[in-house]
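Fit chain Y to the given chain C structure using the hints.
Below are the chains, spelled out letter by letter.
2 protein chains.
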Amino acid sequence: MSQNKSKAPAKYQKWWGWGADGDKPYAVANKPKFPPFAMDKLGVDILAKDLTEPRLADIDVPASILGDELREQLLSTVGADNVRTDDEMRVVHSYGKGVRDLVRVRRGILGRVPDVVVYPGSGDEVQAVMEACLRADAVLIPYGGGSNIVAALEAEPGEQRVVVSVDMGRMNKVLEIDEQAEIALIQAGALGPDMEEQLNAKGWTLGHFPDSFMWSTVGGWIATRSTGSQSDKYGDIADITRGLEMVMPAAEGSEQRTQVLSLHPLPSYSSGPSVREMVLGSEGRLGIITQAWMQVHRIAEAREIQAYFYPNYDAGLKAAELIAHSDAKPMMLRVSDAAETEFSMANGKKSSTKSHYINKAMQKLMTAKGWNLEEICISFVGFEGSPVHVRYAKSVVNKIVRAQGGMNVGKGPGTLFDQKKYDIPYIRDFLLNMGIPADVSETATPWSRTKEIHDETVKAAEQAFAETGHKGFIMCHVSHSYHAGACQYFTFAVADGSEDNMATYDHVKRAVQQSFMEHGGTVSHHHGVGEEHSPWMEQDISPAGVHIQRKLFEGVDPGKNLNPGKIVHDGKPGISSNSADA
Amino acid sequence: MSQNKSKAPAKYQKWWGWGADGDKPYAVANKPKFPPFAMDKLGVDILAKDLTEPRLADIDVPASILGDELREQLLSTVGADNVRTDDEMRVVHSYGKGVRDLVRVRRGILGRVPDVVVYPGSGDEVQAVMEACLRADAVLIPYGGGSNIVAALEAEPGEQRVVVSVDMGRMNKVLEIDEQAEIALIQAGALGPDMEEQLNAKGWTLGHFPDSFMWSTVGGWIATRSTGSQSDKYGDIADITRGLEMVMPAAEGSEQRTQVLSLHPLPSYSSGPSVREMVLGSEGRLGIITQAWMQVHRIAEAREIQAYFYPNYDAGLKAAELIAHSDAKPMMLRVSDAAETEFSMANGKKSSTKSHYINKAMQKLMTAKGWNLEEICISFVGFEGSPVHVRYAKSVVNKIVRAQGGMNVGKGPGTLFDQKKYDIPYIRDFLLNMGIPADVSETATPWSRTKEIHDETVKAAEQAFAETGHKGFIMCHVSHSYHAGACQYFTFAVADGSEDNMATYDHVKRAVQQSFMEHGGTVSHHHGVGEEHSPWMEQDISPAGVHIQRKLFEGVDPGKNLNPGKIVHDGKPGISSNSADA
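These protein sequence lines map, in sequence, to chains C and Y. Quick note: full-length UniProt numbering has the first sequence finishing at residue 582, numbered continuously throughout. Quick note: full-length UniProt numbering has the second sequence finishing at residue 582, numbered continuously throughout.
Just chain C, with the same shape it has in the complex (with noise of 0.2 Å):
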């Protein structure tokens, strides 16, 4: 079913691939070392094929199976120019961004589209939406900047029930600001960049920054317990998120379907099992959040990221380690390893022999302490507060980089990677296009085995990609530190464009992620579940873990209406279903 194209009552990211129809895409001719590097890398030349966009026009789009009675109810609940059941919205809220998503997508393998895409516009039209749809036995999926890459949007395969996609674009408002406690009372629906200028304009910040920031919300991170870039200084999501609003069904046998779960703002308390941390990571399987009293903070006086390098990654895991345990207290502090390293130099402007970060005189100062150019790593630590405190800090740093055998290399590698630092989705769909999927998986260690899973991660991929026959790449950073251990975020690519080249990269990402389990790690460390990393749960969190997540589930929405089928998986989800070549 389809209407005339109008314009959407929120923005939304192009039905194909990452980021708004017209984005500009990845430059590869300003890139000389790049093609150099993947053809090294990947067997592949980046240059041979020419870009072709998909058109939707050539794919099939099943029809919608939305009846009457609850196309009325939408319709007088939010209006008719927020009731979408045309050909594009209903595809763009098919998927998130996965690489999986975008193969299937441009390939035309739509598996089950919503049958219509809702745009409320308050708290109390998205609680008429859901009293609705429950009364109407149809399935509700929130949807904020459709980021996602766990498969944690679409609907289950062979769903018989009206699904309805729920597009929180609308309400996109920061609502108020507690100037005093430094929290702020923000719409769930609010995207990473418009939300950070209605705090900028009043001096403020939430200092929350994940890769996806431009194409995810407030209410999105909320729900898969999103981390952001600078989280050793403002937190993780589930630290900023101090009081939410969320709508969910009621108890059986209410008059009314649905209630309002309000938890008012709070620095801490002690009022039994958290709540708050059981709606952080639900990924809508609880309800819909509409909002959240987040914690902000003013724009800081100062700040600055510095970069180092170190002559391994060993090196530089020891001294995240040593940084994270002292007085320094960095806003982020990110260490690459040597094939991530050798990456971000490979995608420099610049045509100096190594890279756009070193020049000629650091290289042969590396080369003269005995440094092997092929194992060297860089590291961007960024520092914010008072001028003193961040010159404290720098000191501190710079004290532990050189007992490690590190050398600082200034500001201006920093400032460029603060500039680029939301590019790199723009890469894989170039990649992609190329016939290269890429996707990325983290995880998190205690500090004492972050050495070991990363080293038998990189050798699990290895090996994988030598089972499939294909090349293939592997790098990885440290992206978050805390106390007690830190956040290692691993990319890899295979070269293998053809139609099969899903199972190739479903062996690869098994493999990756049986290594976390394997090493001490979680399933993800900020992206989520969604159906992606449910086969896993069971050896992550026990399975005493997902039997009290399935009771979770299970007794607030005992009619499955709730994204059901992510996270505690009740059939076999996607990834697993090829388990039998693992």
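For the record, the hints were derived by calculation from the structure and aren't laboratory data. Note that the coordinates shown come from a computational prediction; the quantities given were computed from them, not determined experimentally. Hints are supplied without guarantee of correctness; some may be wrong.
The list cannot tell twin chains apart, which means a pair is met if one copy fits it or any two copies do.
[To be verified] Pairs of lysine-lysine residues, derived as DSBU-like cross-links and limited to a Cα-Cα distance of at most 30 Å, are as follows:
{"id": "1", "residue 1": "451", "residue 2": "11"}
{"id": "2", "residue 1": "7", "residue 2": "411"}
{"id": "3", "residue 1": "202", "residue 2": "399"}
{"id": "4", "residue 1": "329", "residue 2": "202"}
{"id": "5", "residue 1": "233", "residue 2": "31"}
{"id": "6", "residue 1": "7", "residue 2": "41"}
{"id": "7", "residue 1": "420", "residue 2": "31"}
{"id": "8", "residue 1": "11", "residue 2": "364"}
{"id": "9", "residue 1": "459", "residue 2": "411"}
{"id": "10", "residue 1": "459", "residue 2": "24"}
{"id": "11", "residue 1": "202", "residue 2": "451"}
{"id": "12", "residue 1": "233", "residue 2": "394"}
{"id": "13", "residue 1": "471", "residue 2": "173"}
{"id": "14", "residue 1": "364", "residue 2": "173"}
{"id": "15", "residue 1": "14", "residue 2": "394"}
{"id": "16", "residue 1": "49", "residue 2": "202"}
{"id": "17", "residue 1": "451", "residue 2": "233"}
{"id": "18", "residue 1": "560", "residue 2": "451"}
{"id": "19", "residue 1": "233", "residue 2": "369"}
{"id": "20", "residue 1": "421", "residue 2": "11"}
{"id": "21", "residue 1": "11", "residue 2": "399"}
{"id": "22", "residue 1": "329", "residue 2": "31"}
Showing chain Y alone in chain C's frame:
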């Protein structure tokens, strides 16, 4: 049912009051200013009565209904020494140490005394005990240090099933320290001092020092979402706890009735609703925590507690807020209101006109500044870390204090405070002997409501005192600071030694709790819910929040064998049963 008194398998507090048998009582003779203070505030001559210890022999202890089959199973699991059915151990395990508990136990009002006290020595034994109890449809109540003050340790009145108190005191070891990740694996039954002793011996500390420290355990802290006095640096127990094991019921239809939840240690994760945060604060309703991976820290190089005076509480609150938002990052920040400042001064040993905290020269200085000595407020700020950090942090704090009109009075009072910080429960016991029930209630709010909730709660308590016709006293301090707000800790006493004094106490307690609800607070910041606070849960986390907790408990423990009635009450908890007079 009783048996010969033998050496208890674990440390325990005396049945009728705080601390071990033979602990020195509050030494009023050394506090010349306290009797006039008590006469002034409460109209009671606290030197008038002789202390007589209650005798267990005077109390009628109901017989145990433990049957032979379960007894045999328990004996064969943990051995004869670790199964106790004698009166003393059963009475010790009947209640926590709230003032209501002490009043009841001294009057021989025992309620539903546990039928047996079991002391497992390992996680396997805990599982075997729970397995036997679930098969026998018995009730399990986990027991740590016994210091709970929210009625979380008592069986429901009229409970027809066998009640088993599971005392974790034999499981008191630090099993392992991961020096790289700075986490330690600690058994749940370890009391504060025993645990710190084991950690300190290797140069480590947990940094968790609640007022109950001497008589509370790792498992109890987790089960109640405890917070220690140095949480500004070390975090709440929820932050400190990185992994854990818990014995819990298996899914219905399983061959075994029990299973073990195992959450391996992680710095952070995105694996669905946080199961770790469901166990935190579960007060025995989901299972029995057996051991946990806890963050530890190297004992700080430098440590000091500075004292400050403010002309009034408003100035102290504003300074606390500014310190919390600064770079200073103290380990502790405490500000007493004028009433508590006066109480502290009245508890000094020396006979200087005003107190042991300020001398005459200081008094003159304050008077010269135009301060009203009735309004002055004392504050303690603790600093820890490298000497450079401590120096910097002090300079930041001193600047903020001065800007709010406060003054630094050096390290002396802080050192004294540090030595005496665990003594308050002995004063409470002493006052109770004098016919003055006293207890504490704490709550947290955003900074924007700290002054409001303080002033309104004091007003509500004073009105409640007047309504009861008894003199009363209430005082408060800021005990824990966060980015978004603070905890304020109220202590109140009412001069009613009559047989009806629990109705008087309840009237005041209800007024305090209701004020928390009306002014942005939470039912409890770190004492938990138990039965005592359950009547306010719907006002705190909304009816939908209680619904979620109820579904969680029902799902995990459908037979209601695990500490039923706590947090979410199915019947009518104690304190609300008098609510007609509220």
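So, going through the hints one by one against the coordinates:
Taking identical chains as interchangeable, the C-alpha atoms of residue 451 and residue 11 are never at most 30 Å apart, the minima being 41 Å within one chain and 42 Å between chains. In this assembly of identical chains, the alpha carbons of residue 7 and residue 411 never lie at most 30 Å apart, being 43 Å within a copy and 67 Å across copies at closest. With identical chains, the CA atoms of residue 202 and residue 399 are at most 30 Å apart between copies only, with a shortest distance of 26 Å across copies and 37 Å within one. For the identical chains of this complex, residue 329 and residue 202 are neighbours both inside a copy (26 Å) and across copies (25 Å), given an alpha-carbon limit of 30 Å.
Taking identical chains as interchangeable, the C-alpha atoms of residue 233 and residue 31 are never at most 30 Å apart, the minima being 33 Å within one chain and 46 Å between chains. Within a single copy, residue 7 and residue 41 get their C-alpha atoms no closer than 43 Å, and across copies no closer than 71 Å, so neither meets the 30 Å cut-off. Taking CA atoms no more than 30 Å apart as the test, residue 420 paired with residue 31 passes inside one copy only; the shortest distance there is 14 Å, against 67 Å between copies. In this assembly of identical chains, residue 11 and residue 364 lie within 30 Å of each other by CA distance neither inside one copy nor across copies; the values are 49 Å within and 66 Å between.
In this homomeric assembly, residue 459 and residue 411 never come within 30 Å of each other (Cα to Cα): the closest approach is 33 Å inside a single copy and 56 Å across copies. For the homomeric pair residue 459 and residue 24, neither the shortest alpha-carbon distance inside one copy (35 Å) nor that between copies (63 Å) is at most 30 Å. When the C-alpha separation of residue 202 and residue 451 is checked against a cutoff of 30 Å, the pair qualifies only between copies, where the shortest distance is 25 Å, while the shortest distance within a copy is 43 Å. In this assembly of identical chains, residue 233 and residue 394 lie within 30 Å of each other by CA distance both inside one copy and across copies; the values are 15 Å within and 21 Å between.
For a Cα distance limit of 30 Å, the shortest separation of residue 471 from residue 173 qualifies neither inside one copy, at 46 Å, nor across copies, at 51 Å. With identical chains, the CA atoms of residue 364 and residue 173 are never at most 30 Å apart, being 52 Å at best within one copy and 54 Å at best between copies. Taking the shortest alpha-carbon separations for residue 14 and residue 394, neither the intra-copy value of 42 Å nor the inter-copy value of 53 Å comes in at or below 30 Å. Taking CA atoms no more than 30 Å apart as the test, residue 49 paired with residue 202 passes in neither setting, with 47 Å inside one copy and 63 Å between copies.
In this homomeric assembly, residue 451 and residue 233 come within 30 Å of each other (Cα to Cα) both inside a single copy, at 24 Å, and across copies, at 28 Å. Taking the closest pair of Cα atoms, residue 560 and residue 451 never come within 30 Å of each other, the shortest separation being 41 Å inside a single copy and 45 Å across copies. In this homomeric assembly, residue 233 and residue 369 never come within 30 Å of each other (Cα to Cα): the closest approach is 33 Å inside a single copy and 39 Å across copies. Proximity of residue 421 and residue 11 under a CA criterion of 30 Å is satisfied intra-copy only: 21 Å inside one chain copy versus 56 Å between copies.
Taking the shortest Cα distances, residue 11 and residue 399 never come within 30 Å of each other, neither inside one copy (46 Å) nor across copies (47 Å). Taking identical chains as interchangeable, the C-alpha atoms of residue 329 and residue 31 are never at most 30 Å apart, the minima being 35 Å within one chain and 44 Å between chains.
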